[in-house]
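**Student:** As a plain string of letters, each chain reads:
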Amino acid sequence: MRLSRTVFLFSRFLAQNIKIKLEYKADFIIMLFSGSVLQLLGVMFLGVLYSRIPPIQGWTMWEIVLILASIFFTEGVVSFAFEGMWRIVRLINLGDMDRFLLRPVSPILQILTYDIGAHGIGNMITGVILCVIALSRTEILWTWDRILYLPVLIVSAAAIRTAISFAANCSGFWLTSFYNAFPLMVHQMADFAKYPTTLFTEPIQFFITVVLPYAFIGYIPAVYLFHKQPWGAAAWLAPLVAVWCVLIARAVFYRGLRRYDSPGN
Amino acid sequence: MLTFQKYLRHVLCAIQETTAYRASYFINIVSQFVSYIAIFFLWRAVYTGNSVIGGMDWNDMQGYLLISLFTSALISGSSEFRVSRSIWTGNIAVELVRPVDYQKANFSITVGNGIAEGVLVAAIGILFALLIGFAVPPASPAAWLCFLLAVAFSFITKFLIVYIFGLFTFWTTGGMGLSWLRRGLTDFFSGAIIPLSFFPGWLKAAADVLPFRGIVSVPATIFIGRLPPSQILATFAVEAAWIAALWWLARLIWHFAMRKVTIHGG
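Those protein sequence lines, which keep their order, are chains A and B. Residue numbers in the first sequence follow the working numbering, run continuously in steps of one, and reach 265 at the last position. Residue numbers in the second sequence follow the working numbering, run continuously in steps of one, and reach 266 at the last position.
Hint data in this document are derived by calculation from the structure and do not stem from the laboratory. Please note: incorrect hints may appear among the correct ones.
[As the list claims (entries may be wrong)] Below, computed lysine-lysine pairings styled on DSBU-like, alpha-carbon distance capped at 30 Å:
hint, chain 1, residue 1, chain 2, residue 2
1, B, Lys6, A, Lys194
2, B, Lys6, B, Lys104
3, B, Lys104, B, Lys260
4, B, Lys204, B, Lys6
5, A, Lys19, B, Lys260
6, A, Lys228, A, Lys194
7, A, Lys21, B, Lys260
8, B, Lys204, A, Lys25
[Stated by the list, open to error] Computed list of chain B residues with no C-beta within reach of chain A, every gap over 12 Å:
hint, residue
9, Tyr7
10, Val30
11, Ile92
12, Lys104
13, Gly174
14, Trp254
15, Phe256
[Said to hold, decoys possible] Which residues of chain B face chain A? A few of them, derived with a C-beta cut under 10 Å, are:
hint, residue
16, Ile29
17, Val34
18, Phe128
19, Thr169
Keep in mind it's a predicted model, so treat the numbers as computed, not measured. By construction, the Cβ of each residue, glycine as well, lies at the ideal position given by its N, Cα and C atoms.
Could you build all of it, start to finish, from the sequences and the hints given here?
**Tutor:** What follows is the structure in structure tokens.
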């Protein structure tokens, strides 16, 4: 399928989803706020903690807030645009995947755009506000390569998160229970990216750099931006990591699809 | 007697249902540990270089985190969305027809899930405690008794809060946003992510009067022996009062919800 057609379909699906969401106004508004509330509580946690202690391993509070805020932002983009992947388990369990397979459009595109997360909007807004505040309280020596890196980071981080969560949701092809916590567990592992990776023991460091490369959405870019370590330029590997994750997620999906048989009669 | 058996049946069914899908059952529980591992390492880094923070040393903090994990895991995702899901799908219609009290039936099912998951959570928790070398549980039988009582209070309080937020789905249709709000409020004000003794004065004063602290802070501080015995009775009295208040509040909300309820294809 041509890229332009994919983009066209994507924008149409998105527009339809926004209309659906606006039908349930109370829910829409609550979703918008709930994402922000959770984030602000995360920042309050850091505030309370840092009021008692000196910087953790040389990281000040606002530096960590910047990592958090950038993760909130990409999380917002992902949940706004690709929330549909969180419906895979239900689609399989109820057999609704059938109609996606019958249409002449990539099933992956249809799944990703099956739903949108209104909370994503809240996440993006709070993420940006927090980023601005954090940037005003931290020192970054802006060089041209660092400025150039920002859009690269946003796209790669969103792709990494989407790919990992998508692949995790494909576990529904193997675990057929209606309530499957595995994707949520994988999603939660991004918590490790919110703090400096060096806090953790080596197996965990290896895990979040190599197995589930969440380190590339928060910690490693922050090391680079803040000039913390000489190896910071490794942050430029993020696009490669993103491509790798997307390829794996695709493979997992088609592998799972081979196992799929409609539960119907 | 017959009424009691009716609800006991709910408890037993919920245990069977929880353990029926073994892979999911196990993954549900392991997933509870994941975010705690991140928090655990964060605290460990915080405690290297600081021996006592907020009146707690590293050993206290480990015990605190273990109990925080345990009490948080007792009511998991499946209980969280039971009410909102049945409203969303319209299954609530079937449940309304049943000759049981909806609130009590829900509580019974949550107890069943809690037993099924609690056993495994406790087992993994003990394993984890041994792994990190934490070995200072409450000394006296009296302290254990208080702790278990506090866990019971914690369970009932959390159930009521989850249930009340679930009922709001009658007005909002979707349960996800509500559940996040609830989780954010509970985690913060119960002391699940940071002990209440770390809070600045005004925030602590707020947390002390809210019902949330019974969910994590009270059982955890009793477990590590940081709640003075003289205060335990008074704390339990406040918790019991909150439970009674929340129970009736839930009834009240239910009463209004029943005027509101619309069911697909009704």
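**Student:** Could you run down the list of hints and mark each one as holding or not?
**Tutor:** Cross-check of the supplied hints:
no. : hint                  : verdict
1   : Lys6/B <-> Lys194/A   : violated, 47 Å
2   : Lys6/B <-> Lys104/B   : holds, 10 Å
3   : Lys104/B <-> Lys260/B : holds, 21 Å
4   : Lys204/B <-> Lys6/B   : violated, 42 Å
5   : Lys19/A <-> Lys260/B  : holds, 24 Å
6   : Lys228/A <-> Lys194/A : holds, 16 Å
7   : Lys21/A <-> Lys260/B  : holds, 21 Å
8   : Lys204/B <-> Lys25/A  : violated, 35 Å
9   : Tyr7                  : holds, 23 Å
10  : Val30                 : violated, 7 Å
11  : Ile92                 : holds, 17 Å
12  : Lys104                : holds, 23 Å
13  : Gly174                : violated, 4 Å
14  : Trp254                : holds, 18 Å
15  : Phe256                : holds, 15 Å
16  : Ile29                 : holds, 9 Å
17  : Val34                 : holds, 5 Å
18  : Phe128                : violated, 14 Å
19  : Thr169                : holds, 9 Å
Going down the numbered hints, you'll see the structure goes against 1, 4, 8, 10, 13 and 18, while the others check out.
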